[in-house]
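J.: Sequence:
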Amino acid sequence: MPRVVEDQLGKFKTDPLFKQLQAQSEGFLRNGVNLLLSFPKSLESQYSSSEYVDFLREPGKVFLVAPLIFNGVCVKFYGWLDVQRLRGFGSLEFDEESAQIEDDFLRETLRRKHGSLEAASAAKAFEDMCCTSSEAGPRTSCIYDCRRIAQSRYSV
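In terms of the UniProt record's numbering, the sequence shown opens at residue 1 and continues consecutively.
These are calculated hints, taken from the structure and not from any lab test.
Quick reminder that beta carbons are idealized off the backbone N, C-alpha and C, glycines included.
Keep in mind that the hints are not guaranteed to be accurate.
What the hints assert, rightly or not - Subject to a maximum C-alpha distance of 20 Å in a straight line, what follows is the list of computed SDA-like cross-link-like pairs (lysine to any residue): (1) K113 - E6; (2) K61 - G27; (3) K61 - N71; (4) K13 - K113; (5) K11 - F94; (6) K76 - S98; (7) K19 - S91.
Unchecked claim - Label pairs and their computed distance ranges (CB to CB): (8) Q84 - D7: 41 to 49 Å; (9) K19 - H114: 30 to 38 Å; (10) E58 - K113: 47 to 55 Å; (11) L17 - Q100: 18 to 26 Å; (12) H114 - D7: 17 to 25 Å.
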């Protein structure tokens, strides 16, 4: 099942929730001091890339970038968190690169699904054409032969 909607940019620009989250807004943790963050590892190293988390830019703050799919739209969260007070600010921005990758995946999935539906309908049409109801005798072998021929002919 596709993970994104067809018109991601349109939804990002028109949805009121995304409009609200585009503006920098405050966030805080109220239930404890443990915050588990996971970031993708770098290809060259076993550690996370510094493009996602930065502890060195400003003492006492951690700056975060997190790519994610939110309500069917590829976005990046940009923000920072004060490590003492566990408060911070962040906002969402549209992620064009990830959106293009996910859109290509969506179109390929729909193409494959549409192709298999076409093959099934062609097999049904071929079966109906081969085996009319006026034929005498058992239909099971005719149906099997028609399906076998149609599937080999229209396989995706």
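J.: Could you run down the list of hints and mark each one as holding or not?
T.: Each hint, compared with the structure:
no.: 1; hint: K113 - E6; result: holds (15 Å)
no.: 2; hint: K61 - G27; result: holds (14 Å)
no.: 3; hint: K61 - N71; result: violated (28 Å)
no.: 4; hint: K13 - K113; result: violated (29 Å)
no.: 5; hint: K11 - F94; result: holds (10 Å)
no.: 6; hint: K76 - S98; result: holds (9 Å)
no.: 7; hint: K19 - S91; result: holds (10 Å)
no.: 8; hint: Q84 - D7: 41 to 49 Å; result: holds (42 Å)
no.: 9; hint: K19 - H114: 30 to 38 Å; result: holds (33 Å)
no.: 10; hint: E58 - K113: 47 to 55 Å; result: holds (48 Å)
no.: 11; hint: L17 - Q100: 18 to 26 Å; result: holds (22 Å)
no.: 12; hint: H114 - D7: 17 to 25 Å; result: holds (18 Å)
In this structure, the hints that do not hold are numbers 3, 4, in rising order.
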